[in-house]
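Fit chain F to the given chain A structure using the hints.
Chains A and F are the protein sequences, given in the same order.
Under this note's numbering, the first residue of the first sequence is numbered 1, with each subsequent residue one higher.
Under this note's numbering, the first residue of the second sequence is numbered 1, with each subsequent residue one higher.
Heads up, a few of these hints could be off.
Unchecked claim - Heads up, simulated PhoX-like pairs for lysine-lysine below, C-alpha to C-alpha not over 20 Å straight-line:
{"hint": "1", "chain 1": "F", "residue 1": "8", "chain 2": "A", "residue 2": "117"}
{"hint": "2", "chain 1": "A", "residue 1": "153", "chain 2": "F", "residue 2": "18"}
{"hint": "3", "chain 1": "A", "residue 1": "111", "chain 2": "F", "residue 2": "2"}
{"hint": "4", "chain 1": "A", "residue 1": "86", "chain 2": "F", "residue 2": "2"}
{"hint": "5", "chain 1": "A", "residue 1": "130", "chain 2": "F", "residue 2": "18"}
{"hint": "6", "chain 1": "A", "residue 1": "114", "chain 2": "F", "residue 2": "8"}
{"hint": "7", "chain 1": "A", "residue 1": "86", "chain 2": "A", "residue 2": "29"}
{"hint": "8", "chain 1": "A", "residue 1": "132", "chain 2": "F", "residue 2": "8"}
Worth flagging that the hints you see were computed from the coordinates, not collected in a lab.
These figures come from a predicted structure and were not determined experimentally.
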Amino acid sequence: MSENIIEVKGLTKKYGDFTAVNSINFNIKRGEILTLLGPNGAGKTTTIKMITGLLKISSGKIFLNGKDTTDTPDEIKKISGYMSQKFSLYPLLTPLENVEFFAGISGLKSKEIKEKKSELKKIVPENLLKIKVESLPPGVKQKIALFSALLSKPDILFLDEPTSGVDPEVRRDFWFEIYELKATGKTILVSTHNLDEVEFSDRVIILHRGEIILSGEPEKLLKEYNTNSFEGIFKEVIAENEKA
Amino acid sequence: MKIYYLMKKELIEILRQKQMIFMVIVSPVFQLLIFGYIATTDVKNLPVEIINISNSRYSQEIINRIEKSPLFIIKKITSRYESPIKNMKEGKIKAAILFRDSFDRKRNPSGFPDIQILMDGVDSNSSLIAAGYFNGIINDFLLTEFDKKGISVAVKGKSLLRYNPELKSINYMGPAIVAMLLTVIALFLTSSSIVREKEQQTIDTLLISRLKPVEIYLGKALPMLFVGLLDMFLGVTLVVLWFKIPIKGSIFQLLIASIIYLTAILSIALLISTFTNSQQEAMFFAWFSMITFILLSGLYTPVENIPWGLRWITKINPLQYLMKIIREIFLKGNGMKFFYKDIFSLIIIGSITISFSLFIFKKTVSK
Numbered sequence: 001m002s003e004n005i006i007e008v009k010g011l012t013k014k015y016g017d018f019t020a021v022n023s024i025n026f027n028i029k030r031g032e033i034l035t036l037l038g039p040n041g042a043g044k045t046t047t048i049k050m051i052t053g054l055l056k057i058s059s060g061k062i063f064l065n066g067k068d069t070t071d072t073p074d075e076i077k078k079i080s081g082y083m084s085q086k087f088s089l090y091p092l093l094t095p096l097e098n099v100e101f102f103a104g105i106s107g108l109k110s111k112e113i114k115e116k117k118s119e120l121k122k123i124v125p126e127n128l129l130k131i132k133v134e135s136l137p138p139g140v141k142q143k144i145a146l147f148s149a150l151l152s153k154p155d156i157l158f159l160d161e162p163t164s165g166v167d168p169e170v171r172r173d174f175w176f177e178i179y180e181l182k183a184t185g186k187t188i189l190v191s192t193h194n195l196d197e198v199e200f201s202d203r204v205i206i207l208h209r210g211e212i213i214l215s216g217e218p219e220k221l222l223k224e225y226n227t228n229s230f231e232g233i234f235k236e237v238i239a240e241n242e243k244a
Numbered sequence: 001m002k003i004y005y006l007m008k009k010e011l012i013e014i015l016r017q018k019q020m021i022f023m024v025i026v027s028p029v030f031q032l033l034i035f036g037y038i039a040t041t042d043v044k045n046l047p048v049e050i051i052n053i054s055n056s057r058y059s060q061e062i063i064n065r066i067e068k069s070p071l072f073i074i075k076k077i078t079s080r081y082e083s084p085i086k087n088m089k090e091g092k093i094k095a096a097i098l099f100r101d102s103f104d105r106k107r108n109p110s111g112f113p114d115i116q117i118l119m120d121g122v123d124s125n126s127s128l129i130a131a132g133y134f135n136g137i138i139n140d141f142l143l144t145e146f147d148k149k150g151i152s153v154a155v156k157g158k159s160l161l162r163y164n165p166e167l168k169s170i171n172y173m174g175p176a177i178v179a180m181l182l183t184v185i186a187l188f189l190t191s192s193s194i195v196r197e198k199e200q201q202t203i204d205t206l207l208i209s210r211l212k213p214v215e216i217y218l219g220k221a222l223p224m225l226f227v228g229l230l231d232m233f234l235g236v237t238l239v240v241l242w243f244k245i246p247i248k249g250s251i252f253q254l255l256i257a258s259i260i261y262l263t264a265i266l267s268i269a270l271l272i273s274t275f276t277n278s279q280q281e282a283m284f285f286a287w288f289s290m291i292t293f294i295l296l297s298g299l300y301t302p303v304e305n306i307p308w309g310l311r312w313i314t315k316i317n318p319l320q321y322l323m324k325i326i327r328e329i330f331l332k333g334n335g336m337k338f339f340y341k342d343i344f345s346l347i348i349i350g351s352i353t354i355s356f357s358l359f360i361f362k363k364t365v366s367k
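Chain A extracted, bound-state conformation (with noise of 0.2 Å):
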């Protein structure tokens, strides 16, 4: 089996005139945390939604295993759990009618279904389960997404921006989730304008402008750049970057 779990080469997204993501090349590796960070409008949303079959991409491949799935994304989308940034929960609905939903529509039998939902209320206290989703704190609702997400058994999770919004404690939490998701072999690549979060991750990409400016391990990037924040790097390559 192949070190990579997919690999992305001449990835490119045209609107138009407009070009969102510019010829980038990269692979995930299999078991990894792959961070993509980049300013607002960097290119990185359109990235995890090319890969994952959400948007149509204008030109470049997408290798699944080695296997080139550009024109069947349905391949990457059997493997994947996907969590948006605003949580892709529906807000009507309880936890546990989410939850229930979620599993129904991946495909859970009515007793794994059954299952699910009792394993939610260890994560979710008692007295919120029978709530609507919009009455709930942000972080009970990134809980609930990343465990929704992870209903359907994927082997990649791609988190778009999962922590925006929510409190440095409950980042913390996540990011201790995401450890013990990586211990049981899943491959996640997520998505960040944070740069605290970078630390976490075990290798990162910055975007500009739909363009790969840097990439590498955090700590080795440190290094080379002989500091001990990655706020100096990013100013860095993005002041570069902008003069070229």
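Frame of chain A, contents of chain F only:
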């Protein structure tokens, strides 16, 4: 089975929104009651001014008949000529009848009674109906007089009215209003269903799930079909029990026609929901479609009255066919052999709209 969970979710979302419950249950009942009473072309209590210069026995006889009619209210009777125009302009009267002095046969040897009926033509339909009633009263009086004098009339005509002998417009309008409400509910509820998922960003989760686009499409459409049929049932019950309009034809055939019709209208609504980006935008297109469908459906005016250049549009308007079918079933008790062509047209429209709408949905979700 996966589609079951999507349908269940859709129904829960409808039930959790108070405004949706209002739209699905309260609004159709309320609108049907309101429309049932106001959407009438019946002439009742028409205010009339009478200028009786003739002041003869004959003119008095006709005035008595007008007075007895529940259709008219005599606001003023005068024996001197006064122009009724001012009162008509101020809206105090809708009609004026002038009996000239030549009306009396003794002073009018030519034998031609001279009665002038002046109508307020703003509401041309009601004016024509009222003028017809006046002429009927006058003709009836003349025939009675001829009979008394032993004068035989060569040609006597008598109209027989079938299917709606009392000429009640509610009998004609009631079933059609049910069809109209079905359109309104189906268009407005469904047109927001996909676009709402876009706004909530849940559409991506749906698309990345194991659901195929066709399953998502059907999972959205089927609960709305159920809601539409529920409203149809509510509307028909109200028309039958409240307005006392019996269904003379087959309820089963009405159900079949409604399902085919709803297929067409739901696919149009889902098409709107697919290409719009906000619920507001979807509401605008739903409103525009609704107005077009209703105006070109024959609800108020027969389709045959629509100018030739525009009449072809009615051929692609599904509401026009349901309107015709529902009236055939309610009023005439006709069966499939009388409206199979309309059913066939609905099937064609439904097939085209659902294919196109599904094609656009599939194309949009993979753009």
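These are the hints, each one checked on the structure:
1. 8/F x 117/A: holds, 17 Å
2. 153/A x 18/F: violated, 36 Å
3. 111/A x 2/F: Holds: residue 111/A and residue 2/F sit about 14 Å apart, inside 20 Å.
4. 86/A x 2/F: violated, 24 Å
5. 130/A x 18/F: Distance ~18 Å between residue 130/A and residue 18/F Cα, so the pair holds.
6. 114/A x 8/F: Satisfied, since the Cα-Cα distance of roughly 16 Å is no more than 20 Å.
7. 86/A x 29/A: violated, 27 Å
8. 132/A x 8/F: This hinted pair holds, its Cα atoms lying about 16 Å apart.
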